[in-house]
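Undergrad: Next come the chains, spelled out residue by residue.
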Amino acid sequence: MSFPWAKHYEPKQPLMRWLDEKLPLPRLVYNAVGAGYPVPRNLNYFWNFGVLAGLALTLQIVTGVTLAMHYAANGAVAFQSVEQIMRDVNAGWFLRYAHANGASMFLLVVYIHIGRGLYYGSYKAPREMVWLLGVVIFLLMMATAFMGYVLPWGQMSFWGAQVITGFFSAIPVVGETVRIWLLGGYAPDNAALNRFFSLHYLLPFVTAGVIIMHIWALHIPGSNNPTGVDVKAEADTVPFHPYYTAKDGVGVGVFLLVFAALIFFSPNMLGHPDNYVEANPLSTPAHIVPEWYFLPFYAILKSFTADFILPAKLWGVLAMFGSILLLFFLPWLDTSPVRSANFRPRYRAFLVVLLVDVLILGYVGGAESKPQTVIMGQIASAYYFLHFLVILPLVSRSERPRPLPTSITQAVLDRSAGLGPAKSAMAN
Amino acid sequence: MVRFIAILVGAAFSFVLALALWGTVATWIAEPPPPSAEHEYLHHPKEAELASAGYFGKFDRRQVQRGFQVYKEVCAACHSLRYVAFRDLEHIGYSEAEVKAIASQWVIEQPAVNGDTGEASTRKNLPSDHFPSPFANEVAARAANNNALPPDLSLMAKARHDGANYIYSLVGPDAYVPQPAALVREFPGSKTPPGLHYNQYFPNLNIAMPPPLTADGQVTYADGTRATRDQMAKDVSAFLTWTAEPNLEARHGAGLAAVIFIAIFCFLAWGAYQNVWRDVKH
Numbered sequence: 001m002s003f004p005w006a007k008h009y010e011p012k013q014p015l016m017r018w019l020d021e022k023l024p025l026p027r028l029v030y031n032a033v034g035a036g037y038p039v040p041r042n043l044n045y046f047w048n049f050g051v052l053a054g055l056a057l058t059l060q061i062v063t064g065v066t067l068a069m070h071y072a073a074n075g076a077v078a079f080q081s082v083e084q085i086m087r088d089v090n091a092g093w094f095l096r097y098a099h100a101n102g103a104s105m106f107l108l109v110v111y112i113h114i115g116r117g118l119y120y121g122s123y124k125a126p127r128e129m130v131w132l133l134g135v136v137i138f139l140l141m142m143a144t145a146f147m148g149y150v151l152p153w154g155q156m157s158f159w160g161a162q163v164i165t166g167f168f169s170a171i172p173v174v175g176e177t178v179r180i181w182l183l184g185g186y187a188p189d190n191a192a193l194n195r196f197f198s199l200h201y202l203l204p205f206v207t208a209g210v211i212i213m214h215i216w217a218l219h220i221p222g223s224n225n226p227t228g229v230d231v232k233a234e235a236d237t238v239p240f241h242p243y244y245t246a247k248d249g250v251g252v253g254v255f256l257l258v259f260a261a262l263i264f265f266s267p268n269m270l271g272h273p274d275n276y277v278e279a280n281p282l283s284t285p286a287h288i289v290p291e292w293y294f295l296p297f298y299a300i301l302k303s304f305t306a307d308f309i310l311p312a313k314l315w316g317v318l319a320m321f322g323s324i325l326l327l328f329f330l331p332w333l334d335t336s337p338v339r340s341a342n343f344r345p346r347y348r349a350f351l352v353v354l355l356v357d358v359l360i361l362g363y364v365g366g367a368e369s370k371p372q373t374v375i376m377g378q379i380a381s382a383y384y385f386l387h388f389l390v391i392l393p394l395v396s397r398s399e400r401p402r403p404l405p406t407s408i409t410q411a412v413l414d415r416s417a418g419l420g421p422a423k424s425a426m427a428n
Numbered sequence: 001m002v003r004f005i006a007i008l009v010g011a012a013f014s015f016v017l018a019l020a021l022w023g024t025v026a027t028w029i030a031e032p033p034p035p036s037a038e039h040e041y042l043h044h045p046k047e048a049e050l051a052s053a054g055y056f057g058k059f060d061r062r063q064v065q066r067g068f069q070v071y072k073e074v075c076a077a078c079h080s081l082r083y084v085a086f087r088d089l090e091h092i093g094y095s096e097a098e099v100k101a102i103a104s105q106w107v108i109e110q111p112a113v114n115g116d117t118g119e120a121s122t123r124k125n126l127p128s129d130h131f132p133s134p135f136a137n138e139v140a141a142r143a144a145n146n147n148a149l150p151p152d153l154s155l156m157a158k159a160r161h162d163g164a165n166y167i168y169s170l171v172g173p174d175a176y177v178p179q180p181a182a183l184v185r186e187f188p189g190s191k192t193p194p195g196l197h198y199n200q201y202f203p204n205l206n207i208a209m210p211p212p213l214t215a216d217g218q219v220t221y222a223d224g225t226r227a228t229r230d231q232m233a234k235d236v237s238a239f240l241t242w243t244a245e246p247n248l249e250a251r252h253g254a255g256l257a258a259v260i261f262i263a264i265f266c267f268l269a270w271g272a273y274q275n276v277w278r279d280v281k282h
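Residue numbers (the working numbering), protein chains in the order written: chain E, 1 to 428; chain F, 1 to 282.
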């Protein structure tokens, strides 16, 4: 770890000393999530969500690997094999509901994690690489979630796959050829289902690899904190263990409580009833919608209804991918040296508008296409792009940030004395 | 440079969206979307008030058994139940012997292969068999039903929004009514076509299924309950809720235990957190 006062791993037992000489794995863990990693002392509960995302991925892999022992990736029997899991496999209903809702929990946790990064400026120097790897993880998750939703081979699986793979046909000239090559046929069928299953099994492990790099890159500068002020002295930090392992314990408990409530009491709340109807290429559902976590992006896609030089469909696809890819440029779009939105009144106001904007996009993505909702979606989509691509660079120049605390410790002491700017802020 | 390009890209997307917005508004003013008959005349499902509803719901086994009787005597003529096995009936209170009897007396036999000649034949159902389909295949099903396909009912309660209430309403006593004269006056093109039936709970208002529950006492309940049309509709909804989610009781029970367990964990974790941080201001 980068701070000179980080504690060093000193094994006392002979066995651990022996292990440390041959393969210093315990040392790695000690320095990553043990007492050897000094962390700012003022982190609030928003800093729990990284650990929670890791937990969610682990649970997905455990339930997913078990489900794969019972699932059959063949168009003729996939739907039936899922029903067999639900009815005849011991605790199969638990595994499947945990996996389906686990995807929602994972995305929910990651959205809060990303929101935390946006609010507290965690994407800024010196943590740009952490952010870039985070966006890669997000993209991998979206691909994995999409392909996982296809596997039960229900109506929404099939038609969702049809719509999403249809994006590729928007590419000029070669689009249709690319789409057919990716699907292994003219429409989603056995070939597509098989490759989706293969990739759905592979990508979580790729994600895990990128997560290791994400944490590695984080540990070079160390964690950000709600003031955004750099760590300056040992007094600013506490060792990760036991301080943040204890705090993460509380977060894990609350996470599991919400997760259990979903699995056991409303397991189908976030799913679509049409996915309990077997895939039928000859019958289009009245209303094709993706899972909730894709709705804002789906709304952006649907909002482009006018041809202008390029066809509307291509604009929609470009904008939808662009809405995620622009996150890669965020560290260079926001030039303000102040990280935390607590000290950036204007940026903070725009960020609140962005949050409302994304919620509106989510609503529009799931709503039926009426002129009113289309108009809402078009305005909200425009704000989304304006926020990141225009407002953010301009605000960074014009804004006058509020005075920063001299140090993390100072901010903590000021607040516990009931004064200072952080009192009104969101921090803990 | 990055910021300059970003502003250009942002402006481009916004410009195209503004064009699209202009188009949407212009179309909306020029030709507002016409009102639809479904929008005005479709009824929301009525509350079936099943014992299985709610977070801690359990099946009312007598009601589920009555619903099974309705399925067996009415629905099974056209609708399959392919994900449910006869043995599953033990979970709703039938004994092993009763299940054996139900399976072997089931009117439709299980497709099989003649062991001597290899020809297709049928045999009596066993408890391990799934409910046989009333039609050999989709073509036969459509041929017998005016080209409509009676859907499989195993998952129906989960395959529709608000499924249990939807099923109850769709086959209940006030679902099949004469098409309102006002509807035909307002939407002359929406007259129920021949071969279909007006049903005010069906999404497009015209359903291929003829009214299934037509008279009180259509089924004679083994437990002596008066078989009104409303009662039969509720009971069959209870049965199909069970076929769609046979593990509902186990799930609710495990959920309660899990939530209590995790709540205790949260309490302990909170205590540990307070204890660890007691001397550190943060």
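I should point out that these hints are in silico values taken from the structure, not numbers from a laboratory.
Backbone N, C-alpha and C fix where the C-beta goes; we use that ideal spot for every residue, glycine too.
Hints are not guaranteed to be accurate.
[As the list claims (entries may be wrong)] Counterexamples of contact, computed for chain E against chain F with all Cβ distances above 10 Å:
(1) R41
(2) G184
(3) L270
[Claimed, not checked] DMTMM-like cross-link-like pairs, simulated, lysine to aspartate or glutamate; straight-line CA separation at most 20 Å:
(4) F:K281 to E:E234
(5) F:K281 to E:D414
(6) E:K313 to F:E138
(7) E:K370 to F:D230
(8) F:K46 to F:D223
Undergrad: Now tell me if each hint is right for this structure.
TA: How the hints compare with the structure:
1. R41: 5 Å, violated
2. G184: 26 Å, holds
3. L270: Fine: 13 Å to the nearest Cβ keeps E:L270 off the interface.
4. F:K281 to E:E234: This hinted pair holds, its Cα atoms lying about 14 Å apart.
5. F:K281 to E:D414: Since the Cα atoms of F:K281 and E:D414 sit roughly 11 Å apart, the hinted pair holds (cutoff 20 Å).
6. E:K313 to F:E138: 37 Å, violated
7. E:K370 to F:D230: Roughly 37 Å separates the two Cα atoms, so the pair is violated.
8. F:K46 to F:D223: 26 Å, violated
Hint check: violations occur at hints 1, 6, 7, 8; the rest are consistent with the structure.
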